[in-house]
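Engineer: Mind docking chain B on chain A? Use the hints.
As they're listed, the protein sequences go chains A and B.
Just so you know, we're using my numbering here: the first sequence kicks off at 1 and counts up by one.
Just so you know, we're using my numbering here: the second sequence kicks off at 104 and counts up by one.
These aren't lab readings, by the way, just hints derived from the structure by calculation.
By construction, the Cβ of each residue, glycine as well, lies at the ideal position given by its N, Cα and C atoms.
Honestly, I wouldn't trust all of these hints.
Over the 10 angstroms line for every Cβ pair with chain A, so calculated as not near, a few chain B residues [stated by the list, open to error]:
(1) Pro160
(2) Gly161
(3) Glu172
(4) Ala179
(5) His213
(6) Asp311
(7) Thr316
(8) Asn336
(9) Lys337
(10) Ala361
(11) Phe417
(12) Ser427
Calculated pairs, PhoX-like style, for lysine-lysine (alpha carbon to alpha carbon, straight line, at most 25 angstroms) [what the hints assert, rightly or not]:
(13) Lys31/A x Lys398/B
(14) Lys31/A x Lys400/B
(15) Lys429/B x Lys418/B
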Amino acid sequence: MITFQVQDRQGDRRTIEVPEDINLTLMEVLKASDYPVLATCGGMALCATCHVEVQQGHAHLGPPTDAEGDMIDTLPNATHTSRLACQIRIGGHLENALFILME
Amino acid sequence: MERIETDIAIIGAGPVGLFAVFEAGLLKMRCHLIDALPQIGGQLTEIYPKKPIYDIPGLPEINAQDLVENLRQQIAPFKPTFTLGERVDGLTRQADGSFILTTSDATTVHCKVVVIAGGLGCFEPRKPEIQDLERYEGRGVSYMIKDPETFRNKRVVIAGGGDSALDWTIYLSGVAEKVTLIHRNESFRGAPDSAEKVFLLAREGKIDLMLATNLQAVQGNGVLNAVAFTDRNKQPGQIDADYLIPLFGLSPRLGPIAGWGLSLDKNAIQVNTLDYATNVSGVYAIGDINTYPGKLKLILCGFHEAALMAQSAFKFVYPDQKLSFKYTTVNGVNAF
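Just chain A, with the same shape it has in the complex (with noise of 0.2 angstroms):
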């Protein structure tokens, strides 16, 4: 099991627990937790509905693609660390991040 943070718009910050090959990127994993992420292209990095900044653990994320940096480069309140959860792979690599939903 890996476990990570989302903290919501209110400030709410919980603690999520998943299976390591759980094979379901962020967004899907946000969206089977209840969070309000609306997903409304479904993942194809194409709506930024799923925004997050990634507070803690961003380094060992990796780069975002073409397709996800220019979406975030369009978003009015993107920062530095912003990605989106639909192009993050639950992994070993989430292990102890902090997710804030921006959207």
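Structural biologist: Quick look at chain B alone, frame taken from chain A:
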């Protein structure tokens, strides 16, 4: 101002909206499709035309654009009509139970059944979270540039770092009195040519380029007169401005449909899986825009939803007739 008469008005000409024409056509119901995009195909054409799709039954691999072309051929016998490049704004019910849809260009469609196959919804400008921003919309703040002459000899602040922010900065530098481009980052991901031109204009003093700068507030007395920001050192500052144009891309939203009294859940329309009817009699929602327990956003699921919708919609189009289900293998496809 065009006036169209049809049995079923389909909002959205993506794959599911297109296939709905076929299923309706088998039951002798005529369809008119309306789409905000200038061409048919929806996301398939607009977003991923060259991508292969692997989960269409019977087609091991097909390019998105080819699937749209195949669907166009498949529905051709039923002579669908189209209003493209117009957004549906209004839905009103008539005394006889029929509907009139109105579009952004004042086209009206009179129909017995409305099928919403709107996919992601319509793409609307993404707005920065700034207090009171909406109060200044149309009073100095605009999210798109319809007539560049509006900005002649005015002080314009553009915010954003994408292609449209770069392109409009370059264009308006020759029109406005002063153009300031505010961008959050140090560099641009947009077209390198455009970025280079913007840097050149800044070096020549023809525009003010403010990198690593964030929009903070809009100021004015009913009408915009200044934009406040924080610079790279987190120091506050402000620019006198007649116009602020935030260009932060487009984001899919439900749009005007959200105001039609339909039951919604997280930006999707709730339907009954018996026939994909909404809570409003005579209005159906199929494809990515609907939601129900177990919903999967797959083209093939949308096709199934279209078939069941058509069987149910029959009673509104032919209230005096009894529906008898026929296989195309037995009955063929009888063109209109």
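Engineer: Would you mind marking each hint as holding or not holding in the structure?
Structural biologist: Verification of the supplied hints:
{"no.": "1", "hint": "Pro160", "in the structure": "19 angstroms, holds"}
{"no.": "2", "hint": "Gly161", "in the structure": "23 angstroms, holds"}
{"no.": "3", "hint": "Glu172", "in the structure": "22 angstroms, holds"}
{"no.": "4", "hint": "Ala179", "in the structure": "29 angstroms, holds"}
{"no.": "5", "hint": "His213", "in the structure": "31 angstroms, holds"}
{"no.": "6", "hint": "Asp311", "in the structure": "19 angstroms, holds"}
{"no.": "7", "hint": "Thr316", "in the structure": "13 angstroms, holds"}
{"no.": "8", "hint": "Asn336", "in the structure": "16 angstroms, holds"}
{"no.": "9", "hint": "Lys337", "in the structure": "13 angstroms, holds"}
{"no.": "10", "hint": "Ala361", "in the structure": "13 angstroms, holds"}
{"no.": "11", "hint": "Phe417", "in the structure": "31 angstroms, holds"}
{"no.": "12", "hint": "Ser427", "in the structure": "37 angstroms, holds"}
{"no.": "13", "hint": "Lys31/A x Lys398/B", "in the structure": "13 angstroms, holds"}
{"no.": "14", "hint": "Lys31/A x Lys400/B", "in the structure": "14 angstroms, holds"}
{"no.": "15", "hint": "Lys429/B x Lys418/B", "in the structure": "16 angstroms, holds"}
The structure shown violates none of the earlier numbered hints.
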